[in-house]
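J.: Sequence:
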Amino acid sequence: MCRTKEDGGAMPYNVPEDSVLFVRVGTLCRRALISCRPEMTLLDAARLMQMHDITGLVVVENERPVGIFSIRDFRRLVANSGGDLSGLTVRRGMTSCLITIRDQEYALNAIFTMARHNIHRLGVVDADGSLVGMISDTDLLSLQTKTPLYLSSEIDAATSIEQLRAIGCKILDTVVLATKAGADIRGLVQLISHFNDEMTQRLIYLLDKEEGIVLPAGAAYLALGSEGRGEQTLRTDQDSAIVYADRLPPEQIRSMERFARRMVEALEILGVPPCPGNTMASNPQWRHSLSEWKELIDRWISVPKPEHMVNFGMFQDLRAMHGDSSLEQQLHDQILAGVERNAMFLAFVARNILRFPPPLGMFGRFRVEKNGEHRGKIDLKKAGIFAITEGVSLLALEAGIVRGTTWDKLELLEKRGILSGADLETVEDSFNYLVRLRLQRQLKALAAGNPPSNHVDPLVMPDRERDALRAALKGVGTFLNIIRNHFQLNLVSR
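Residues in the sequence shown are numbered from 4 upward in steps of one, following the working numbering.
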């Protein structure tokens with residue numbers, strides 16, 4: 004595990020307090036906007052970009068920006084058209100959604116916003132929402148070589164597990180910097196998850212190239228839990244599984260077992276500890292053929308005892324990190340079909356979630372742990388993060404939604420009328436605060452040379468922070484009431 008310092012002192016990946024990442028976006032953006040109409044031909048758009056030495060145009064219709072047309076869009080259209088551009092216009096290839104950022108935001112937040120939306124440009128707006136400029140990833144890359152955007156290049160260039168481990172320390176220091184800067188927690192978590200995915204993909208490549216360790220065709224390596232949802236912060240443990248096609252030859256199964264064992268070992272070298280509950284692909288209980296997984300899913304759903312609900316909760320967030328992604332889709336289809344056949348299962352899962360109420364007593368007093376090494380503290384995961392992630396996943400599952408982060412699912416639930424706008428705001432505010440607080444405390448523990456922990460002592464928190472924690476936990480209570488009413492749990496027999 005990399006060690007870093009959250010408050011003062013030298014960091015292994017040095018990022019000074021006056022880092023250019025804290026420059027305001029408004030001072031970096033290009034103010035001279037070059038625009039075009041959607042009806043402009045591709046060739047004319049290309050000439051316009053060449054004339055002004057730019058790589059993107061703002062597309063304007065009826066005097067308002069409606070999208071972006073970039074040199075990447077142009078190249079894609081050229082490739083797809085076979086070189087025949089006659090009759091093709093900007094409208095055909097432009098990116099219709101223009102994502103914007105305030106001119107007073109930090110450059111750091113612009114980086115996170117681009118990563119979150121997987122885009123290369125942002126519109127820059129002033130306090131009135133008027134478009135005043137554009138900023139691109141190229142503009143941000145020109146700041147310095149130690150930005151998050153450069154970490155992806157370093158990961159792609161890594162030639163050993165040891166190099167990947169060193170890059171992992173740089174990622175951690177970037178997280179420290181972003182947290183201190185007050186970066187948007189959703190964007191930060193998405194960027195961290197993006198880096199974690201890239202690290203895992205590069206590790207798989209290196210195991211193949213350097214050791215000949217491969218996942219055979221017809222199999223998929225799955226991320227589970229928070230990593231499966233794409234909302235992991237610090238990689239505190241490994242949660243993984245493998246699914247493979249039925250009737251895979253014995254020699255390929257043996258190759259798959261070697262891959263699973265070596266992945267666990269290599270991830271541990273990178274600083275990711277094994278799962279205490281052994282929920283890992285190296286465990287035969289989490290490595291099955293497609294038919295075997297389907298049978299397990301049906302068993303978990305049809306017999307909702309505690310162990311089955313725990314396993315289902317971990318597995319439902321599966322995401323194929325490597326291999327045959329069609330197997331992921333088939334598993335998701337099986338989950339949805341099983342839930343549709345067994346509607347009462349959702350109510351049982353909901354009742355299990357209600358076993359984790361926020362630790363607040365009369366008059367909002369905190370209920371802390373009374374014994375053990377965490378005496379006097381609150382477990383933030385059990386206090387609210389678990390209830391929100393599992394509750395949101397449950398509502399989403401009922402609605403046929405099986406992919407995405409907790410934030411993504413919340414937005415879809417609101418759009419479908421399952422959650423009101425006010426409920427969305429309450430739950431999202433609570434989730435944002437609890438995830439941010441946990442990340443801050445985990446970084447503080449690492450800075451002190453301790454393993455990251457989910458526990459906080461509310462009595463030593465500043466009054467303002469303690470009040471914010473109390474408000475967040477009250478929001479969790481509100482969400483649990485929504486779950487209780489939605490599934491009519493008072494009518495479900497115990």
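Among these hints, one or two may not hold up.
[As the list claims (entries may be wrong)] Using 30 Å as the maximum straight-line C-alpha spacing, the simulated DSSO-like pairs for lysine-lysine come out as follows:
no. : residue 1 : residue 2
1   : K183      : K380
2   : K373      : K418
3   : K373      : K447
4   : K373      : K308
5   : K308      : K385
6   : K183      : K308
7   : K212      : K418
8   : K447      : K418
9   : K308      : K297
10  : K380      : K297
11  : K384      : K308
12  : K183      : K385
13  : K384      : K477
14  : K297      : K477
15  : K384      : K183
16  : K385      : K373
17  : K447      : K380
18  : K447      : K385
19  : K447      : K384
[As the list claims (entries may be wrong)] Cβ-Cβ distance ranges computed for the label pairs, FRET-style:
no. : residue 1 : residue 2 : range
20  : P253      : V81       : 32 to 38 Å
21  : M464      : G280      : 46 to 52 Å
22  : G375      : V26       : 58 to 64 Å
23  : D56       : V463      : 54 to 60 Å
24  : Q332      : N435      : 27 to 33 Å
25  : R344      : D159      : 41 to 47 Å
26  : N488      : Q333      : 32 to 38 Å
27  : D159      : H55       : 27 to 33 Å
Hints listed in this document are in silico derivations from the structure and should not be mistaken for laboratory results.
Ideal Cβ placement from N, Cα and C applies to all residues, glycine included.
J.: Determine for every hint whether it applies to the structure shown.
T.: Verification of the hints:
1. K183 - K380: holds (24 Å)
2. K373 - K418: This hinted pair is violated, its Cα atoms lying about 42 Å apart.
3. K373 - K447: Satisfied, since the Cα-Cα distance of roughly 23 Å is no more than 30 Å.
4. K373 - K308: holds (28 Å)
5. K308 - K385: Holds - the C-alpha atoms of K385 and K308 are around 20 Å apart, at most 30 Å.
6. K183 - K308: violated (43 Å)
7. K212 - K418: Violated, at roughly 46 Å.
8. K447 - K418: violated (37 Å)
9. K308 - K297: holds (18 Å)
10. K380 - K297: violated (40 Å)
11. K384 - K308: holds (22 Å)
12. K183 - K385: OK: K183 and K385 at ~25 Å, within 30 Å.
13. K384 - K477: It holds: about 15 Å lies between the C-alpha atoms, which stays within 30 Å.
14. K297 - K477: violated (38 Å)
15. K384 - K183: OK: K384 and K183 at ~22 Å, within 30 Å.
16. K385 - K373: holds (15 Å)
17. K447 - K380: Between K447 and K380 the Cα gap is close to 16 Å, so the pair holds against 30 Å.
18. K447 - K385: Given that 30 Å is the threshold and the Cα spacing comes to 20 Å, the pair holds.
19. K447 - K384: Holds: K447 and K384 sit about 17 Å apart, inside 30 Å.
20. P253 - V81: 32 to 38 Å: Violated, since P253 and V81 (Cβ atoms, about 48 Å apart) do not stay within the stated range.
21. M464 - G280: 46 to 52 Å: For M464 and G280 the Cβ distance comes to about 30 Å; the hint is violated.
22. G375 - V26: 58 to 64 Å: Since the Cβ atoms of G375 and V26 sit about 47 Å apart, the hinted range of 58 to 64 Å is violated.
23. D56 - V463: 54 to 60 Å: Check passed, 56 Å falls within 54 to 60 Å.
24. Q332 - N435: 27 to 33 Å: holds (31 Å)
25. R344 - D159: 41 to 47 Å: holds (44 Å)
26. N488 - Q333: 32 to 38 Å: Check passed, 34 Å falls within 32 to 38 Å.
27. D159 - H55: 27 to 33 Å: holds (31 Å)
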